[in-house]
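J.: Sequence:
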Amino acid sequence: MSENNKLNDFGVHDTIRHGPSRMEHTVSRISDFETHLKNIKMNELEKKLQLQKTMFGSHMPMRTIMELSSVSKPSRPEFMSPVTNFQFDILNGNDETLDVSDIFNDTTDRVVGDVHSAIIKNRNL
Numbered sequence: 001m002s003e004n005n006k007l008n009d010f011g012v013h014d015t016i017r018h019g020p021s022r023m024e025h026t027v028s029r030i031s032d033f034e035t036h037l038k039n040i041k042m043n044e045l046e047k048k049l050q051l052q053k054t055m056f057g058s059h060m061p062m063r064t065i066m067e068l069s070s071v072s073k074p075s076r077p078e079f080m081s082p083v084t085n086f087q088f089d090i091l092n093g094n095d096e097t098l099d100v101s102d103i104f105n106d107t108t109d110r111v112v113g114d115v116h117s118a119i120i121k122n123r124n125l
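For the sequence shown, position 116 (counting from the first letter as 1) is numbered 116 according to full-length UniProt numbering, and the numbering increases by one without interruption.
Hints listed in this document are in silico derivations from the structure and should not be mistaken for laboratory results.
A quick note: this is a predicted structure, and the numbers were derived from the prediction, not measured.
Quick reminder that beta carbons are idealized off the backbone N, C-alpha and C, glycines included.
Pair by pair, the computed Cβ-Cβ distance ranges are: (1) Ser-72 <-> Leu-98: 14 to 24 Å; (2) Ser-70 <-> Glu-96: 19 to 29 Å; (3) Leu-7 <-> Asp-102: 50 to 60 Å; (4) Val-100 <-> Phe-33: 15 to 25 Å; (5) Met-55 <-> Val-115: 43 to 53 Å; (6) Lys-38 <-> Lys-73: 17 to 27 Å; (7) Asn-94 <-> Phe-56: 17 to 27 Å; (8) Lys-48 <-> Leu-7: 38 to 48 Å; (9) Val-12 <-> Met-55: 46 to 56 Å; (10) Ser-21 <-> Asp-95: 50 to 60 Å.
Based on the sequences and whatever the hints tell you, model everything.
T.: So this is what it looks like as structure tokens:
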């Protein structure tokens, strides 16, 4: 039986019929602020696209989304030097600020292996 079915006419948990209420049903596991922080980049992008639609017309958000999708995956193979994807930073408006990832490129997860297989994987052949 769900927690909503255990409420009486006044919207209060009926302890006599259904026993004491459990704390896990009344407390949310994830706060609203935590969900906001997880979705902050997506919310900023949606606001930016809505503003572009209002100012320039319906074609501008579609153009921005196409540009973001075309530069989101770098065209360089993994075995080459670290990829910074500066075009993606320009489209997101991050080109005027310095971040830790701009200075310290983490190359520990990059596997230097067979060059030919890396090119085939990169080009989806």
